[in-house]
Structures are given as structure tokens and as C-alpha cells.
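What follows is the residue order along each chain.
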Amino acid sequence: MGDSTRPLESDGVFVTSQWVGAAVPRREDARTVQGQARYVDDIDMDTAHVAFVRSPHAHARITAIDTRDAEASPGVLAVMTGRDVAAATNPVAPRGITASVTQYVMAVDKVRYAGEPVVAVVAGTQYLAEDAAARVHVDYEPLPPVVEIEEALAEGAPLVFEEAGTNVLLHDAFEHGDVAGAFRGADLVVKETFRMPRFSSTPLEPWAIIAQWDPGTGAFVVWSNDQQPGRTAINVSRTLRVPIDKVRYIIPDSGGGFGIKLAVWPYIVILCLLARRAGKAVRWIQTRSEHLLAGTHTPEALIEAELALARDGRFLAIRVNSKENDGSFVHTAGIYPLIKFAVIVGCYGIRATAFEFSTVVTNKAPTVQNRGVGKPGMTFVLERLVDLAARALDLDPAEIRRRNFVRPEQMPYTTPTGEVYESGDYPECLRRALELAGYDEWCRKRDALREEGRYLGVGIAAGIEPGTSNLGYYYISRGRPDFLGSVEGAMVGADFDGGITVVTGSVDAGQGHATTVAQVVADMLAIRPEQVSMSTHFDSATSPFAPHSGTYANRFNDVELGAVVAATRKLRAKMLRIAAFVLGVHERSLALRAGTIHVEGDPTKAVSFQEIAAYAYKKALLLPEEIEPGLREIAYYQNRAAKVPRREEFNIQLTHANAVHVVVAEVDVATGFVTLPKYVIVHDWGRQLNPGIVKGMVIGSTVHGIGAALYEEFLYSPDGQLLTGTFMDYLKPVALTVPRFDLGEMESPCPTSPLGTKAVGEGGAITSLPAIANAVEDALRPFGVTVTSLPITPEKTLRAIRGARVI
Amino acid sequence: MTPERFEYVAPASLDEATSTLRDLGDEAKVMAGGQSLLSLMKLRLASPRYVVDLGRVPALNYIRDEGDAIAIGALVTYAELKASALLRERCALLPRAASVVGDVQVRNRGTIGGALAHADPAGDLCAAVLALDARLKLVSTRGERWVWAGEFFLGMYASVLEPDEVLAEIRVPAIAGWRCAYLKAARRPSDFALVGVAVRCRIDGRACADLAMAITGVSDRVFRARSVEEALNGRELETALIEETASRSMDGVDVSGDIHASSEYRTHLARVYVSRAIRAVGAISGPPTPSV
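Chains as they are written, first to last, in the numbering used here: chain W, 722 to 1528; chain D, 380 to 671.
Source of the hints: derived by calculation from the structure; they are not laboratory data.
Possibly wrong hints are sitting among the right ones.
Facing chain D, according to a computed beta carbon distance under 8 Å, are these residues of chain W, among others [to be verified]:
{"#": "1", "residue": "848"}
{"#": "2", "residue": "1008"}
{"#": "3", "residue": "1432"}
{"#": "4", "residue": "1445"}
{"#": "5", "residue": "1450"}
In the BS3-like style, the derived pairs of lysine-lysine whose C-alpha atoms are separated by at most 30 Å in a straight line are [claimed, not checked]:
{"#": "6", "chain 1": "D", "residue 1": "421", "chain 2": "W", "residue 2": "831"}
{"#": "7", "chain 1": "W", "residue 1": "1453", "chain 2": "D", "residue 2": "421"}
{"#": "8", "chain 1": "W", "residue 1": "1453", "chain 2": "D", "residue 2": "461"}
{"#": "9", "chain 1": "W", "residue 1": "1326", "chain 2": "W", "residue 2": "1295"}
{"#": "10", "chain 1": "W", "residue 1": "1340", "chain 2": "W", "residue 2": "1364"}
{"#": "11", "chain 1": "W", "residue 1": "1364", "chain 2": "W", "residue 2": "1291"}
{"#": "12", "chain 1": "D", "residue 1": "421", "chain 2": "D", "residue 2": "408"}
{"#": "13", "chain 1": "W", "residue 1": "912", "chain 2": "W", "residue 2": "1517"}
{"#": "14", "chain 1": "D", "residue 1": "408", "chain 2": "W", "residue 2": "1001"}
{"#": "15", "chain 1": "W", "residue 1": "1399", "chain 2": "W", "residue 2": "1166"}
{"#": "16", "chain 1": "W", "residue 1": "1326", "chain 2": "W", "residue 2": "1339"}
{"#": "17", "chain 1": "W", "residue 1": "1416", "chain 2": "W", "residue 2": "1340"}
Yeah, the Cβ is synthetic: ideal placement off N, Cα and C, and Gly gets one too.
Make a model of the complete structure from these sequences and hints.
As C-alpha cells, this is what we get:
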């Protein structure tokens, strides 16, 4: 509160220092845990319901669709086929790929994955819709499916998109620095082929949409849990052939995003078409089965990589060839490769990189960004190579990292690909993690227990967690820069009663935006966070937003808060002008305290926010002409560290946190089961705005990584059928299998984010994969096992122990 | 995730339940805790025309001391089995198996009767009652009959229960002081068993007696490990014998394979768990098991 009243400096952000950085409880929690949050399906509105007929085949021609029985089914309002969609919409616009292909938001004449929507049915209830969907008769002529990367690349492979003439929709190669020279001069080259699994996020709330059509205006209103309304507005408008203003987007509470809710928009198009066709608002709440089958996945990857080293363990160059299975959706194909440049050299001073990639399409489910996008895979590969190198040189894994870290005095450090690491002390981060873990002690314990036939291993991984995407990089291979930098908007205003209200362009999917924003605004206006009201419900009619707007890529702490700070400054300046007028003094002699503005040194000469608001709205006639009525200020923020991405200089992300994970794994060598008795994280998160939220993010993200490391994988049969279609088969980590996490502290403020913050949402999912793999491999050193793939399942582990030697 | 249309019937007594089943024939499906049936219905993998809910039949929820046996009503939940002081003292195998079924929510709703009638080939309680030589009371309007657990399970999700019958009671022997163990290998604690081994025995002097072992998760149904029982009964449990017996325990078993465990891996895992289960009842240490 306002005890620490300070005079305003001309460029000061905060006037008090009470709330930012304090352990303020999340204001979202009470209603969320009591079931009072309002998700899309909680919207109390009379709607019809949608059910989809989905392809049972991975690859087939649709030879006939008979919808007559379904149309005659009780309660049915509309039935729509892919051809109906094609007649009413534009094809999906690809983002990354260079190949020219045509695809619509529903299958037209051909299905490309098992689960692809073929027909949509609208009926009065969900039951009736599903009953009717079962009465749609579709004739298919099965085509040979391509399922795995190797099949798709084979000579004469069936084509997912015939018009492309290939299953590789994007291929490119880059070289930064003298790679050939570095490999020629190397004393040692470690080389391995790695496999990343196809996995995903599976938020508690799957995709959800309500669409309403107004025949009088031709406008739509859409309620959804979309993560990126800015791009969605563009995509939907282009696909639906309506101007952006004809679709209003409302995003209420969202039950988790993690990236996969960036792909809701094709279904928004479908729901809009259905609402128009049925003449009634329609509702679709994706089922868990649909989510796993036809939601979106992280592409699996086959990554060949080699690291060139000098005899003393110095890393000279890295060469990577990555092939990713992007499934069958062209909009997001090619999203995963280029972002790897953000972390291709990790925390190390590697000065030469070669990167070649192929985006492969197959008859698997679509892929989309998922927590960390390509960075968990790239970091897995790099940190595995580092351990393999340490072993080859008989160096301690901590020591080889120490010798190669970018040094704190080199900050800001520009990597060979143009990524700028703003700040950080990587050696210190490692030192703290090793100390917190009791590294030497665990190594001794490991050696001692081995004598008793117990197999423990200690794993270290260091990772970079970038934040805020400079989205233009997606378009590099296409040579058409777009979506440059990262822009976000916010409105901060005072209501008629002086209460402070914030509206943002980003959307909350559980991150606690309202809590954090209230802390920031409270310290900027010398009020309490409770006095700041923020709706986490996005509404495109009232929320200031940009094409980049949304919550993804760890951008809230940077650009959204940048916009909030800028808007709050504007508001504060205007309130000061009004107060100066009312009190008859100069603005420079004013201070803020506890919801009032007073003359510095004389708190009795004060005007409350409420009075200021009264002047702004009800008594504006009394204000001098040069003060506009009203107290609602909008600001947009661009992170100016962004440069236009070029092939020579990628500059993919705009903030860079780093972390070290130290993990102890124990392997039951009779069964292959792995447990994690110790898990230590030191994550340099920059300035913490809310320590509870920051630590929760780091832990949650690490649990996600444990899933990919030990449990999660979408498996397909050779004919392209998903084998892991329920949570009985697609295994998430659960409370009983997740270790206790010991978190250290480390704060190197980021000089390029408005409040010194760095990213925390993805680092756990990036760094944990190699940390766990390194620990398991260390545990199994007596058996000569190398970990090259994830997840590390008991069966794979046992096979490796019993002679296969590779996980 | 919506079931097809069905009629819901909730009889208030066992008599009413059996007469309902007689009238509805095989178009009806009995529901107890609903933990298996409702999932199948929501996925439309099962679409019974009638669901006969036993939840309102109060007379099926009891755990009763019957001297040399303990009588358990079909509607007793896993959580109640786990918490029962009587069972813990007199028949500890059952609460131990019940304590590792699913998660807390499943254990609060799922019932012993439902679990056995469902005859899941990876059911934890199926193995426990089989190892216990439990007796099952099946009731219909035609009368009641008792079957041994060993006669009950016919195959995957198949038992001798007729469509008009209700599994009303399970009787397990009172075996206070006996050694018992239920060891389960699963990817995560809440999962179905990749392998589950239920075993009970007495130690008579130094020899093992009345050892019975049932195995779940391995084949199309739970089964008794007869070769293990024959090899160990009357013998002193010692390491070489245990290992030799365990290594042959899957001989002749048609071991199933799936994405979580191939047939080969599951066979190996079953041998390891047979060995660990025997060592557990024999209180014999063996190769180290990591503490989880």
C-alpha cells in the first residue's frame, strides 16, 4: 500500500515496490478449484450440438457419402460434408511450407488420416447428433497409407498430397560459421541418430467452440478457447471469406493450452458454417477421444547430429539433419524445424552450425506447436551429444559443460545463427544446481550402490528457454517476411468510480495473468492489487489485440506486460494532469498514495481516484479543453530487440532464460522400470513477478517433460490406426510417479524485456528430457547402454540391458 | 462421449433385481460401481438396451464375519475392502489387492462384485479371489448357486454368470496369520496390471504349505500358477528353488502382448514378479528392488 510513497521520476515504471515480486496468492484459484470458472461449455445459452463423422481409414478416397438417413434422424438440423465446406470456403493457407497443396478444413474427396472429419452433423442434443452421425454412410476406397518417416521418404511412396509430387513439403539447409573447417580440424566427432516421440499436451479442457450467426448482419459470434485470437481472426476471415470485423471472438476461461489450442481455428470455421446452415447457434466440445485421435500432436523426429570437439573438450561445431513427421495438415506443417535455431548451440560457445531439415507429411494426425515446439528435441539431441562426448573424453559431464559455457562476461552474446542471449551466468547456474543436488555425494552413492547390485545414475542437462517469438522466422524458407517481431495490446482505465480495469490482448489459459497484471498495475499506481480488476475473458470487440496476440511462446511476461505498463503510464499521466488541475499545482509536485494523488509533502491536499474519474467522465466540462474526457488508455507494445529475420541472422526469440536440471534415476535392471529419486532445478528466470506462479510454471513444465521422457507417445499401427486413443494407453505422468522437485534461486534480469523478466513456461519441458536420459544412461553404464530415443519405456530399457545396448 | 439411448432400471431389492433380469433377458446389463461399464457405453463400445443399477440394493453392501469365512456383499467398494479391519486381520490379501486398483476415485466407486463379474483379464481382485479359493454366490429367479472362483472365469470379460444372474456375495476364507502378497507391475500405479501376482501360504515349520498363486494381466484370463504351487508346497522356500520355479512359471502360458508390454517382455516380467511374490511371502531377500 501507499506507505512507501515516492515522488514520480520522469521515466519510472513503479511508484511503490510492494507487489511486484511478492508472493501474492493467485486470484484465479478460488473460483477455479471450486468449479466456478466459466469455460466455453459453461456458457448458458441455447445451442444445437455438433458431432463429427470421422474417417476410419488413414488414407482413402471418398467414393460416396449418403446423408439421407442422418438427415431424417430425430432432432437433426443440418448435415454438412467436405464438399459443402469446399464450396463455401477458401483452402487452408500454409505458413511454412513451400510446396503448393490444397486442403480444406474438412476432408474433401480424400481422407488423409484416421479421424479426419468427413461429415458434420448438427442436432438438438449431443446424443441425437451422435446417433445421427452413426447413420451417415460413407464409402471409402482405401489407399496405401504412409505412416512413418522412412516410408514417406521411400522411392515410389504413396503421396499424401498428390499435387506436391513428394511427401517432403519443405526442405532447407543452412550453414553458419565454418562448419567444414571445424569438423576437419576436430580431434573428436561424436555422432548419433536420435528419435523424438510423437507426443502432445492434453489439457483438462479439450477444444471447445460455440458459434452463433446473425442473419441480419451476416456476422458471427464465436466463443472458443483459442490461444491466439490474433492469427485466428486472420485465418478464419480468410478461410470463411468474410472481413475480420464479421467475426467476434470471445474467449472465456480456458482449461489449459500449452500450444495445442493454437489449432482450434479450423474447427471455428466449421462451426461458423454449421451455425449459418442450421440457423441456430451450435456447440462443439471436443471429446478426449477426438482430442487424442484428431487433435494435434508434436511431430516425431528423426535427427542425425554430430558434434566436433577439440581434445580438451571444447565444442567446435554442430551439424544437424532433422526429419519431422508433420502428419497431414498443411497450415502448421514446417512449424518445428526453424525454431531449433533458438537453441541449436544451447548454453555453449559453439561458433559453427549446420542445419538441414525435411518436413515430411504422412497419414498421421495433424501437428501443431506444443510446449517448447522444436526446442525440447534440439536440446535433447545437443545435451545427449555433450554427454556422449564427455564419456568419449573421460570428462565429468559437469566439467565438459563448464569448459564450453558462454561466459557471463560475454553477455549479451550473439550465437552464430543470430540469436542474442541477453544475460545470464551459466557456470553459476550449474554450480548452484550441483550444490543443491549434492552432486558429488550422489556420484559416490551411485558407485557404492552399484556394488550392491543397484543401478543409479546422475544426469545433468543445461538448457536455454527462449521466450517471445519473432514470428517472421516462420516465413524464412518461403522468402516472404511476415508477422515481424511480437506486438501485443492492452487497455488500462479508470471506471466512473475510480476503480482500475485492465483488458489485454492475450488470453489466460491458467497462467494467472490477472494476478500478475494486478501486481504490476498496483505498484504503478500505488494501490492494492485487489483494486485492479482484470477480466481474463478476451473479447475481440473490446480487447486491444494484434495479429500476434495470444498466449504462446512465453510472451506474456514480455510483450503483454509491456503493453500493460505502457497503457498504465498513459493512464497515470492523464490522472496526474487532472489532479494537477483540480489541486491547482504543477504535476511535478504530485505523488500517488493509496488510491489518491496528493501534493508531495502534504497528504491533506489530495484528490482521490474517484474524484479524478468524476472529472474525467461526469464533470469533464469543468476540465480545460486540452484535457480530453475519459480515462481509458490503450497501448500496443513491440519488443524492439526483434530484427527482421534473415537467413544469415535468425533472431528467432527475444528473451533467453536458462536452466540446469540435475536428476538421479534408478533403474530396476530386472524389469527396466525407472524411478527418479532426486530432481533438482535451477532456472534463471530473470526477475520474478510472482514467485509462486514462476515456480509452478517451472515444475509443471518439467512434469510435462517427464511425460515425454518416460511415458507419452502416440503409437500407430502399420496401417495408420492410432493405438493410443485413450488415457489407458496414452500415458501421462501422474502425481504418484512425479518426484519432489528441489528448486534453487537464480535471477539475472533480462535487459530487453520491460520488467526484466524471462521465460518460465517451457524450460522444464526443454531441459528435463536430456537430463532424465543422461541419468538413465549413467545408471546403465555397466551395461554399455546408449539412450537415443524417448520415451524410455521399461521394455526398451530391459531390452537394452539384456544386450540391445540402445534405448 | 455419449452413450446410445438406454433404459435405466434401479431395483430396490435383490428379488426385484433378479426378476428384472429374468424379464429383460440379455438386453440388460447389470451395473454396480459403473467404473467399467459406463466408460464402454460412453465410447459406444457397449450399448445395452437396459442398465440395471444395483446401487439401490442395500442388502448387497456388507462385510460379515462367518467364522471360518468372511462374507462380502457384491457392492462393497475397493475403498471399503482396503479399509476393513476384519479383512486386514483375517484375509489381508484382499485389502492389499484392493488398495492398488486404479486411483482413489475408482476405488471409491468400483465394487468387488462389478470387478469379478466384468472378468477383466488384468483385474487385480480377480487374481486375489482366485488365489484365495473364494466362493461366489450367483442368484437368479431360478434360485442360487455357489461356484468356486476357479470355475468362474471363462476368458476375456467372460464368466459363468448367466444374463439373468446377479453375483451377490463373495466368501473368502479366514486365514489370519497366513503370509500373503499382491505384487503388481504397471507403468503407473493407477494402471491395469501388466502383471499381477497374488499369493498366500502358510509356513509349516520350515516348509511352505497351502501355497496358492494366481496371476493376472498376463493372459486372456486370470489363472492359477499350478506349476509354482506344486513345486513349492511342502518345500522350504529358498533362493535356488524360487528362481528355478519362477523361471518355469510361464511355461505353457499363452502370454498376451500389447503396446505396453510385448509377449516376450511380459513373460519375463511375470517370471520376475512370481519370484518377487514368493520371496515376499517367504520373507527372503533377493536381488535388490529399487525403492519407489
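Results of checking the hints against the structure:
With its C-beta approaching chain D no nearer than about 5 Å, residue 848 of chain W sits inside the 8 Å limit, and its interface hint holds. Nearest Cβ of chain D to the Cβ of residue 1008 of chain W: about 4 Å, under the 8 Å cut. The hint holds. At about 7 Å, the closest approach between the beta carbon of residue 1432 of chain W and any beta carbon in chain D falls short of 8 Å, and the interface hint on this residue holds. Of the supplied interface hints, the one on residue 1445 of chain W holds, with its beta-carbon coming within about 7 Å of a beta-carbon of chain D, less than 8 Å.
Hint on residue 1450 of chain W holds. Least Cβ distance to chain D is approximately 6 Å, under the 8 Å limit. For the hint linking residue 421 of chain D to residue 831 of chain W, the alpha-carbon distance of about 29 Å falls within 30 Å, and the restraint holds. Between residue 1453 of chain W and residue 421 of chain D, the direct Cα distance comes to roughly 21 Å. Compliance with the 30 Å bound is thereby established for this hinted pair. Restraint check: the Cα-Cα separation between residue 1453 of chain W and residue 461 of chain D comes to about 26 Å, which is no more than 30 Å; the hinted pair holds.
Only pairs whose Cα atoms come within 30 Å are accepted, and residue 1326 of chain W paired with residue 1295 of chain W is accepted, the gap being roughly 18 Å. With a CA separation close to 46 Å, the supplied pair residue 1340 of chain W and residue 1364 of chain W exceeds the 30 Å bound. About 27 Å separates the Cα atoms of residue 1364 of chain W and residue 1291 of chain W, which keeps this hinted pair within 30 Å; it holds. With a C-alpha separation of about 14 Å, the suggested pairing of residue 421 of chain D with residue 408 of chain D holds against the 30 Å cut-off.
At most 30 Å may separate the alpha-carbon atoms for a hinted pair to count; residue 912 of chain W and residue 1517 of chain W meet this at roughly 21 Å. With a C-alpha separation of about 37 Å, the suggested pairing of residue 408 of chain D with residue 1001 of chain W is violated against the 30 Å cut-off. Between residue 1399 of chain W and residue 1166 of chain W the CA atoms are separated by roughly 12 Å; this keeps the pair inside 30 Å, and the hint holds. Pair hint residue 1326 of chain W plus residue 1339 of chain W holds up; C-alpha atoms about 22 Å apart against a cutoff of 30 Å.
Distance restraint check for residue 1416 of chain W and residue 1340 of chain W: the Cα-Cα separation of roughly 47 Å exceeds the 30 Å cut-off, and the hinted pair is therefore not satisfied.
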